[in-house]
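Chains as they are written, first to last, in my numbering: chain A, 10 to 310; chain B, 235 to 549.
Just so you know, these hints were derived from the structure itself, not from any lab. Yeah, the Cβ is synthetic: ideal placement off N, Cα and C, and Gly gets one too. A couple of the hints might just be wrong.
[Unchecked claim] Footprint (simulated), chain B over chain A, 3 or more residues, beta carbon under 8 Å: (1) 70 to 84; (2) 112 to 123; (3) 129 to 138; (4) 141 to 152.
[Unchecked claim] Residues of chain B clear of chain A, computed beta-carbon distances all greater than 12 Å: (5) 291; (6) 295; (7) 313; (8) 405; (9) 475; (10) 512.
[As the list claims (entries may be wrong)] Computed from the model, here is a short list of chain B residues facing chain A with C-beta under 8 Å: (11) 248; (12) 286; (13) 289; (14) 320; (15) 322; (16) 324; (17) 326; (18) 330; (19) 339; (20) 341; (21) 343; (22) 370; (23) 371; (24) 372; (25) 529.
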Amino acid sequence: MATKPVRRTRRPKVALEPAAPPTPPAPALPERPPQRGGGVYEAVWSTGATKVLALAGRELTSYFVSPIGYVIAALMVPLVSVFAFLPAVLGGTPVAMDRVYSGLAYLMAFMAPFFTMRLLAEERRTGTLELLLTSPMRDWEVVLGKWLGALLFFIVITAFLFLFAAVIIYYEPTHQVITVGGLSLSIGNLDLGPTLSGYLGVLLEAAALLAIGLLCSSLTQNQILAAFVALVVTLTIVFLLGLGSFLPSPLSDIALYVGAYDHFASFNQGRLVLRDLVYFVTLTLGALFLTVRVLESRRWR
Amino acid sequence: MGRRVIEVEGLTKYYDERLAIADVTFSVPPGQVLGFLGPNGAGKSTTMRILAGYLSASGGKASIAGHDVFENPVEARRRIGYLPESTPLYNEMRVKDYLGLMCKLRGVHPRRRGERVDFAIEACGLQARRRDIVGRLSKGLRQRVGLAQAVVHDPDVLILDEPTSGLDPGQTRETRALITELGRRHTVILSSHILTEVSATCERVVIINQGRLVADDAPANLGKRLSQDRASQVELTVVGDRDRILAVVEKVRGVESVTVNPTEDGAWEVLVTGRRKDLQDALAKAVVRGGHGLRQLQSRKLSLEDIFLELTDGD
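Isolated chain A, as found in the complex:
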């Protein structure tokens, strides 16, 4: 009586459902509206540009939706202002942007991994990578879109540089008078050449470091790990190899060439040297290429 009934049925009790609900037979579905739009859009679409820009745009906005974007901004702006801009301005005599740029160039070695750690690692962790890679995007379009999103975020975040430039122009101790359309203006003596080439240097360095960060992010689904590995690489490239000048002669040349800071410094001094441009472009494309290969490799698991 007290024994609990033991059901020895091997199989669960589920009655056979009635046959599938009678779905009307769909013969060949010819009535669907044409899927594709105009030929112009098709031509643009097939280049991949729209997809890359759409993805980059979404990455850019997601920086501002998640706290990471604000954390990065809250660190970078004050650090560059206090440690690079203020000393330069308070030092008196001709002020230029080069100290701001070099401060930023050093800082990016620390910050770039935090720009990129989320990009692919998070997609891999949450599984959204599967949706992204099953959209009609080629792997390089995904990689390019992600990288461009990070670079755009860098450009937005460093918009304060223009403010610095404007401040220098107005408060520069030495002024020059220029005449624009009959109006004579007294303008700060900011040399436009190095100002622009220095910015180009910072931009190129950021592009390369972000590509390296993206590569690290593609290797793992752990953001922290991605950031850490990227940090090791970026610090090595920017700082450690800069110490190469203490090495004996052939080694020091190699170390200084592989290191990023010298190439940046050349831009910052207002020199546009092809060799430096080639360096950053090679580094960027190399890292992006490897990222594409990492994404491709998942298909062969």
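Given chain A's structure and the hints, the job is docking chain B onto it.
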């Protein structure tokens, strides 16, 4: 029209040494809702991921609307809407922005984007959630957003991997109804390990086990095919002495096995398996003639579940 929207031929996939699917071949005509059925680990997700272009195959061919998924992946992927098992979505985005992004990534013409997003939102019953953040939605609503992103670019084929897993019964029913509705406009492949789901939504069932196709038919036919020449089961509730009941029941011609369990109110639940058409009648007569009280008698139909286990059991 002999054209097939999905054609899979001899598809084989190894993960390192381990065989995931072996020589899977099937094709789906336009507009069909195909159920992909199998125990966990049978190779359903692998097959679907290959079709969706996420994994490569070790051998064989697959094409979507005439575009080979390996040779022409971008065109093939443009024609599928895929919902992976875990419903991954960009949690920080708003529903309509998310669907808009998917339109852009999948090449919907700018002039048609608004209309397509509206269609997907309406079809999936998300009108009230247009502006909600995806990450704050309930599991059932997330699933609807997942379906909405799969249809938003008006693909020929929907590939839905376990679309109702993890939903409560109400949400499951809603999702099934939605899939049935979408099946009127799209060719659908959906996978499941739940049989009732497949028999409720699909016109055709493909059963896969250990990477191989073991059956391919309409759900009703599968039942018919397997129930012929098969033992039937009858469940009785009888009052009386256990041993005497057992003796009476076992004497009935055609009975193969009997199990007896006590019920809570002192009666016996007797489960009889036998090979005889009028097994129920014979049992009822025998029990009553033996002087026992017969409280309940019910024949057990061979369920899809039984068929499924039959096909996927053992070897």
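Measuring Cβ to Cβ, find out whether residue 291 of chain B lies farther than 12 Å from everything in chain A.
-> Violated, because the least Cβ-Cβ distance between residue 291 of chain B and chain A comes to about 9 Å, which does not exceed 12 Å.
Does the interface hint hold: is residue 326 of chain B within less than 8 Å of chain A, judged Cβ to Cβ?
-> Nearest chain A Cβ about 5 Å off; hint holds.
Proposed interface contact between residue 330 of chain B and chain A, which counts if any beta carbon pair is under 8 Å | Where the cut-off is 8 Å and the nearest Cβ of chain A is about 14 Å from residue 330 of chain B, the hint is violated.
Closest C-beta approach of residue 339 of chain B to chain A relative to 8 Å, hint status = At about 5 Å, which falls below the 8 Å cut-off, the nearest Cβ of chain A leaves the hint on residue 339 of chain B intact, so it holds.
Verdict on chain B covering the segment 70 to 84 of chain A, criterion of 3 CB contacts below 8 Å = holds (count 3)
Any CB of chain A closer than 8 Å to the CB of residue 529 of chain B?
-> Because about 14 Å separates residue 529 of chain B from the closest Cβ in chain A, which is outside the 8 Å limit, the hint is violated.
Verify that the Cβ of residue 405 of chain B lies farther than 12 Å from every Cβ atom of chain A, and report whether the claim holds or is violated.
-> 19 Å, holds
For the hint on residue 248 of chain B, does the least C-beta distance to chain A fall short of 8 Å?
-> 10 Å, violated
With a Cβ-Cβ cutoff of 8 Å, does the segment 141 to 152 of chain A contain at least three residues near chain B?
-> That given contact holds, which follows from 7 residues of the segment 141 to 152 of chain A lying within Cβ reach (below 8 Å) of chain B.
Let me know if the C-beta of residue 343 of chain B comes in closer than 8 Å to any C-beta of chain A, holds or violated.
-> 2 Å, holds
Are three or more residues of the segment 129 to 138 of chain A within 8 Å, CB to CB, of chain B?
-> Since 4 is at least three, the answer is holds.
Minimum Cβ distance from residue 289 of chain B to chain A below 8 Å?
-> Nearest chain A Cβ about 6 Å off; hint holds.
Hint compliance for this structure: hints 2, 5, 7, 11, 18, 22, 23, 24, 25 are broken, all remaining hints hold.
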